[in-house]
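Protein chains: 2
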Amino acid sequence: MRKGRTFVVSGPSGVGKSTVLKALLESRKNLYFSVSATTRDPRPGELDGIHYHFMDVESFRKWIAMDQFLEYAEYVGNFYGTPKKFVDDAMEAGKDVILDIEIQGAIQVCSKRPDTVRIFIAPPSWAELERRLTERGTDSPEKIQKRLLRAKVEFQTAHTYDYFVINDTVENAVGELNAIITAEHCKPQERMEIISGR
Amino acid sequence: MRKGRTFVVSGPSGVGKSTVLKALLESRKNLYFSVSATTRDPRPGELDGIHYHFMDVESFRKWIAMDQFLEYAEYVGNFYGTPKKFVDDAMEAGKDVILDIEIQGAIQVCSKRPDTVRIFIAPPSWAELERRLTERGTDSPEKIQKRLLRAKVEFQTAHTYDYFVINDTVENAVGELNAIITAEHCKPQERMEIISGR
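Those sequence lines, one after another, are chains H and A.
Counting in this note's numbering, the first sequence runs from 84 upward without gaps.
Counting in this note's numbering, the second sequence runs from 84 upward without gaps.
Just so you know, the hints here were simulated from the structure itself, not pulled from any lab data.
No experiment lies behind these values; they were computed from the predicted model shown.
Treat the hints with care, since some could be wrong.
Taking lysine to any residue pairs in the SDA-like style, the calculated list, with each CA pair at most 25 angstroms apart, reads [what the hints assert, rightly or not]:
id, chain 1, residue 1, chain 2, residue 2
1, H, Lys-112, A, Asn-255
2, A, Lys-86, H, Lys-105
3, A, Lys-145, A, Phe-169
4, A, Lys-100, A, Pro-207
5, H, Lys-100, A, Lys-270
6, H, Lys-178, A, Asn-261
7, H, Lys-270, A, Lys-105
8, H, Lys-270, A, Gln-272
9, A, Lys-270, A, Asp-171
10, H, Lys-167, H, Leu-104
11, H, Lys-145, H, Asp-183
12, A, Lys-105, H, Ser-101
13, H, Lys-86, A, Lys-145
14, H, Lys-105, A, Gly-258
15, A, Lys-270, H, Ser-208
16, A, Lys-270, H, Asp-198
17, A, Lys-100, H, Ala-148
18, H, Lys-270, A, Cys-193
19, A, Lys-270, H, Ser-101
20, H, Lys-86, A, Lys-86
21, H, Lys-270, A, Phe-169
22, A, Lys-105, A, Val-140
23, A, Lys-112, H, Asp-183
24, H, Lys-86, A, Gly-258
25, H, Lys-86, A, Glu-254
26, A, Lys-270, H, Lys-145
Which residues of chain H face chain A? A partial, calculated answer using Cβ under 7 angstroms [stated by the list, open to error]:
id, residue
27, Phe-137
28, Glu-259
29, Ala-262
30, Ile-263
31, Thr-265
32, Ala-266
Computed Cβ-Cβ distance ranges for the label pairs, DEER-style [to be verified]:
id, chain 1, residue 1, chain 2, residue 2, range
33, A, Lys-105, H, Tyr-158, 37 to 45 angstroms
34, H, Gly-177, A, Leu-108, 43 to 51 angstroms
35, A, Ala-106, H, Lys-105, 25 to 33 angstroms
36, A, Leu-108, H, Gly-132, 42 to 50 angstroms
37, A, Gln-272, H, Ser-110, 35 to 43 angstroms
38, H, Gly-177, A, Val-159, 42 to 50 angstroms
39, A, Thr-221, H, Ala-210, 57 to 65 angstroms
40, H, Gln-239, A, Gly-177, 55 to 63 angstroms
Ideal Cβ positions, reconstructed from N, Cα and C, are used throughout, including at glycine.
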C-alpha cells in the first residue's frame with residue numbers, strides 16, 4: 084500500500100486557517116490531522132487525544148531527549164510539540180498527514196523530513212486580513228496592528244514554502260489544498276512502485 | 084492579469100491520451116490546446132487551424148530559421164512543429180496551454196522554456212497497455228510488440244517528468260491533470276504579483 088505524505092500548513096493569525104482545514108478534512112478522506120502534545124492544563128471541554136495529547140513536563144522532556152518530536156517549542160511557560168509516532172502511524176496506514184504549525188515549527192519539521200510539503204495560507208490582501216481580525220472582535224486595535232506587523236514579517240520568510248493558497252473563499256482555498264495533495268501524489272518518486280512494479 | 088502556464092503532456096501510443104485530453108478540455112475552462120504546424124497535406128475532413136496549421140516546406144524552414152518553433156521534428160518526410168506564437172498569445176491572454184508532444188519534443192520545449200510543466204500519462208500496467216493496443220485493433224501483433232518495446236524504452240527516459248498521471252480510468256486521469264494544473268498555479272513564483280502587490 085502506498086504511504087501517506089506530510090503537509091505542513093502555516094498562515095497568519097486571522098487568515099481563516101482553522102475553518103479551511105476543517106472544511107478540507109470534511110471534503111477529503113484518508114487525511115489525518117496531527118494532534119499536538121502539550122504540557123499545559125486542559126481547558127474546560129478539551130479532550131485528551133482530540134484537542135491535544137496532554138503530557139506532564141517530565142514526560143515531555145523525556146520525549147525531547149529521545150527525539151520523539153518532529154518539532155516543539157516553549158510558549159508562555161508551556162511546551163507544545165508534534166509527536167513523531169502518531170504522524171508515522173498514520174502515514175504507514177496510507178493516510179496523508181496535515182500539520183497545522185507556524186513557520187519556526189515548519190522549519191524544524193522540514194530539516195528532519197525534507198520531503199514534507201509546505202503550504203502557506205495567505206489572505207487575498209493585507210487590508211482583508213485586517214478586516215477579518217477586526218471582525219473577529221477578540222483583539223484591541225493595538226493588538227490587531229501587532230498581529231498584522233507580525234504577519235508581514237513572517238511573510239518575508241515564507242517564500243521558501245512550496246505552495247501559497249489564497250484564502251479568498253473557503254471553497255477556493257479547499258479546492259487548492261485538495262489539488263496540491265492530489266498533485267503531490269503524482270510526483271515521480273510517489274509513483275516509483277507502480278512504475279517499477281510492472 | 085495572470086499569465087497562463089505551459090503543460091507538456093506525453094505518453095505511449097495506446098495509453099488513451101487523446102481521450103483524456105479531450106475530457107480535460109471539456110472539464111476545464113481557460114485551457115488552450117496547442118495546434119501543431121505541419122507540411123504534410125491535409126487529409127479529408129482535416130481543417131486548417133483546427134487539426135493542424137498547414138504550411139508549405141519553404142515557410143516551415145523559414146520559421147525554423149527565425150526560431151518560431153518551440154519544438155519541431157521531421158517524420159516520414161514531413162515536418163511537424165509547435166509554433167511559438169499561438170502558445171504565447173494564449174498565455175498572454177491568461178490561458179493555460181496544453182502541448183501534446185512526445186518525449187524528444189518535450190526535451191526541446193523545456194530547454195527553451197524551463198518553467199514548462201511536464202506530465203507523463205502512464206498506463207496502470209504494461210499488460211493493460213498491451214490489452215488496449217490489442218483492443219484498438221489497428222495494429223498487427225508484431226506492431227503491438229514493437230509499440231510496447233518502444234513504450235518501455237521511452238519510459239526509462241521519462242523519469243525527468245514532473246508528474247506521472249496513471250490512466251486507470253479517464254475520470255481519475257482527468258482529476259489528476261486538473262489537480263496538477265491548479266497546484267502549479269499555487270507555486271510561489273505564480274503568486275508573486277498577489278504577494279508583492281499589497
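Now the hints, each set against the structure:
1. H:Lys-112 x A:Asn-255: With Cα atoms ~16 angstroms apart, Lys-112 (chain H) and Asn-255 (chain A) stay inside 25 angstroms; holds.
2. A:Lys-86 x H:Lys-105: At roughly 32 angstroms apart (the allowed maximum being 25 angstroms), Lys-105 (chain H) and Lys-86 (chain A) break the hint.
3. A:Lys-145 x A:Phe-169: Status holds; Cα separation ~17 angstroms.
4. A:Lys-100 x A:Pro-207: 13 angstroms, holds
5. H:Lys-100 x A:Lys-270: 18 angstroms, holds
6. H:Lys-178 x A:Asn-261: Measuring from Cα to Cα gives roughly 22 angstroms; hence the hint holds.
7. H:Lys-270 x A:Lys-105: This hinted pair holds, its Cα atoms lying about 23 angstroms apart.
8. H:Lys-270 x A:Gln-272: Holds. Lys-270 (chain H) to Gln-272 (chain A) sits at ~19 angstroms (cutoff 25 angstroms).
9. A:Lys-270 x A:Asp-171: Judged against 25 angstroms, a Cα distance of about 20 angstroms means the pair holds.
10. H:Lys-167 x H:Leu-104: 21 angstroms, holds
11. H:Lys-145 x H:Asp-183: Status holds; Cα separation ~23 angstroms.
12. A:Lys-105 x H:Ser-101: At roughly 37 angstroms apart (the allowed maximum being 25 angstroms), Ser-101 (chain H) and Lys-105 (chain A) break the hint.
13. H:Lys-86 x A:Lys-145: With Cα atoms ~52 angstroms apart, Lys-86 (chain H) and Lys-145 (chain A) exceed 25 angstroms; violated.
14. H:Lys-105 x A:Gly-258: The given pair, whose Cα atoms are some 22 angstroms apart, holds under the 25 angstroms limit.
15. A:Lys-270 x H:Ser-208: 17 angstroms, holds
16. A:Lys-270 x H:Asp-198: 16 angstroms, holds
17. A:Lys-100 x H:Ala-148: At roughly 53 angstroms apart (the allowed maximum being 25 angstroms), Ala-148 (chain H) and Lys-100 (chain A) break the hint.
18. H:Lys-270 x A:Cys-193: Status holds; Cα separation ~18 angstroms.
19. A:Lys-270 x H:Ser-101: Within the cut-off at roughly 22 angstroms; holds.
20. H:Lys-86 x A:Lys-86: Violated - the C-alpha atoms of Lys-86 (chain A) and Lys-86 (chain H) are around 35 angstroms apart, more than 25 angstroms.
21. H:Lys-270 x A:Phe-169: Distance ~29 angstroms between Lys-270 (chain H) and Phe-169 (chain A) Cα, so the pair is violated.
22. A:Lys-105 x A:Val-140: With a Cα-Cα distance of about 30 angstroms, the restraint between Lys-105 (chain A) and Val-140 (chain A) is violated, given a limit of 25 angstroms.
23. A:Lys-112 x H:Asp-183: 33 angstroms, violated
24. H:Lys-86 x A:Gly-258: 20 angstroms, holds
25. H:Lys-86 x A:Glu-254: Satisfied, since the Cα-Cα distance of roughly 23 angstroms is no more than 25 angstroms.
26. A:Lys-270 x H:Lys-145: Violated. Lys-270 (chain A) to Lys-145 (chain H) sits at ~39 angstroms, over the 25 angstroms cutoff.
27. Phe-137: 35 angstroms, violated
28. Glu-259: 5 angstroms, holds
29. Ala-262: 4 angstroms, holds
30. Ile-263: 5 angstroms, holds
31. Thr-265: Hint holds; Thr-265 (chain H) Cβ to chain A Cβ min 4 angstroms, cut 7 angstroms.
32. Ala-266: 4 angstroms, holds
33. A:Lys-105 x H:Tyr-158: 37 to 45 angstroms: Given range 37 to 45 angstroms: violated, Cβ gap about 54 angstroms.
34. H:Gly-177 x A:Leu-108: 43 to 51 angstroms: 32 angstroms, violated
35. A:Ala-106 x H:Lys-105: 25 to 33 angstroms: 32 angstroms, holds
36. A:Leu-108 x H:Gly-132: 42 to 50 angstroms: 47 angstroms, holds
37. A:Gln-272 x H:Ser-110: 35 to 43 angstroms: 27 angstroms, violated
38. H:Gly-177 x A:Val-159: 42 to 50 angstroms: 47 angstroms, holds
39. A:Thr-221 x H:Ala-210: 57 to 65 angstroms: 60 angstroms, holds
40. H:Gln-239 x A:Gly-177: 55 to 63 angstroms: For Gln-239 (chain H) and Gly-177 (chain A) the Cβ distance comes to about 28 angstroms; the hint is violated.
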